[in-house]
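Asker: Sequence:
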Amino acid sequence: MRHFNSAACVAAILLAAPMAAALPVRAEPASAAQTETPQDQAAMRQWLADSARWTGLHNQLLMVRVRHLTGLGAGAAPIQQLTMGGDKAGAAAAAARWKTEQQALLASDRAALAAIPPLAPLAVNPALLARPDVHEALAGPLAHIEGLPARYAAFMDLTDRQAAEYMDTIAAAAASRNPEQAFQLAKIDLVIALLDSECVLLDTTSQQAGAHRFVSASNIQSDMALAQWYRHLRDLWNQAPVDRAARAAAIHASAVEIRLDADRIVEAARQQEAENRGNPVLSSPTQQDFLTRYRAGFEEGAGIEREMAAVLDQMADKITAGEDEAAMALADQTGAISRRRTASQLQRDALMQQLAAPT
Numbered sequence: 085m086r087h088f089n090s091a092a093c094v095a096a097i098l099l100a101a102p103m104a105a106a107l108p109v110r111a112e113p114a115s116a117a118q119t120e121t122p123q124d125q126a127a128m129r130q131w132l133a134d135s136a137r138w139t140g141l142h143n144q145l146l147m148v149r150v151r152h153l154t155g156l157g158a159g160a161a162p163i164q165q166l167t168m169g170g171d172k173a174g175a176a177a178a179a180a181r182w183k184t185e186q187q188a189l190l191a192s193d194r195a196a197l198a199a200i201p202p203l204a205p206l207a208v209n210p211a212l213l214a215r216p217d218v219h220e221a222l223a224g225p226l227a228h229i230e231g232l233p234a235r236y237a238a239f240m241d242l243t244d245r246q247a248a249e250y251m252d253t254i255a256a257a258a259a260s261r262n263p264e265q266a267f268q269l270a271k272i273d274l275v276i277a278l279l280d281s282e283c284v285l286l287d288t289t290s291q292q293a294g295a296h297r298f299v300s301a302s303n304i305q306s307d308m309a310l311a312q313w314y315r316h317l318r319d320l321w322n323q324a325p326v327d328r329a330a331r332a333a334a335i336h337a338s339a340v341e342i343r344l345d346a347d348r349i350v351e352a353a354r355q356q357e358a359e360n361r362g363n364p365v366l367s368s369p370t371q372q373d374f375l376t377r378y379r380a381g382f383e384e385g386a387g388i389e390r391e392m393a394a395v396l397d398q399m400a401d402k403i404t405a406g407e408d409e410a411a412m413a414l415a416d417q418t419g420a421i422s423r424r425r426t427a428s429q430l431q432r433d434a435l436m437q438q439l440a441a442p443t
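Here the sequence shown is numbered in the numbering used here, starting from 85 and rising by one per residue.
Hints in this document: simulated from the structure, not taken from any laboratory.
Across the chosen pairs, the derived CB separations fall in these ranges:
(1) 177 x 412: 32 to 40 Å
(2) 199 x 245: 19 to 27 Å
(3) 323 x 194: 34 to 42 Å
Calculated pairs, DSS-like style, for lysine-lysine (alpha carbon to alpha carbon, straight line, at most 27 Å):
(4) 172 x 183
(5) 183 x 271
(6) 172 x 271
The C-beta atom is built at its ideal place from N, Cα and C for all residues, glycine as well.
Please put together the full structure from these sequences, using the hints given.
Answerer: What follows is the structure, encoded as structure tokens:
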């Protein structure tokens, strides 16, 4: 089970591997009841396949919810146009219709989530699960799976509140005496809500071990830093007091964590590679080449994270200096880095799919 715990790729590997390749090696003989049988091996493979599908279905729905939250911005545009054109009554009516439509859409997300059947428990010999080394190896993954439904529900609750607040803000903007400023503030609020919700999404869906864990952690830190910038921008638009030193310090702190996570990504990827070099399931030249390429992909990703940290540090310095237009340009620059980050992740995912594909 050492490989199961330490490598992001092992869930796919174990779908076609004997359970013995995953379970800890015992120095002393186990009793017959505590030795894995062919039935246990089949049950483990089935549970791994089922859990991958189950989490995948949930993660797809969470991404749909994010798209629906993102789409609120475009949905509010006609209301803003009516308001700025002087048709406040038409804007109010459009806002009411829009809110009803969006509430139905959000309710459909919840219904789809509730329709996913629960994951069946791991059906292996209880005596095997009670074996100390097996129990220790499986306790973390099983506890993580068991805790996911509550975390999925919490994400839906969060985004329900964010959507409701945004729709109320748009309705208030349509009736505002200064609608131009009100709509601009609403747009900034939506960006902040998206960044905050993405942090929760990344924390909910991230793997509990391996290099992926630190990739998610770094992504969360960059979202937190950008949220600090947009909160600063909101204060400027709202003509509220600004604390440049505090905002800059928070962004610098996130940049420090991103660099640490980049180092952790490299360390974990190299550790995964070293451990899996000795896995008999990965002994062919093609699989050994996969390990090299997969590790290199994480090293490339770590480099992108360090670039993100550098830009965030520059942005914090511009905030401190009162150069907000320059800070905005740097905030925009993070978008290109994020797209490269996503492309790097997709390349690693493609490698994983190649390894998991039946031959």
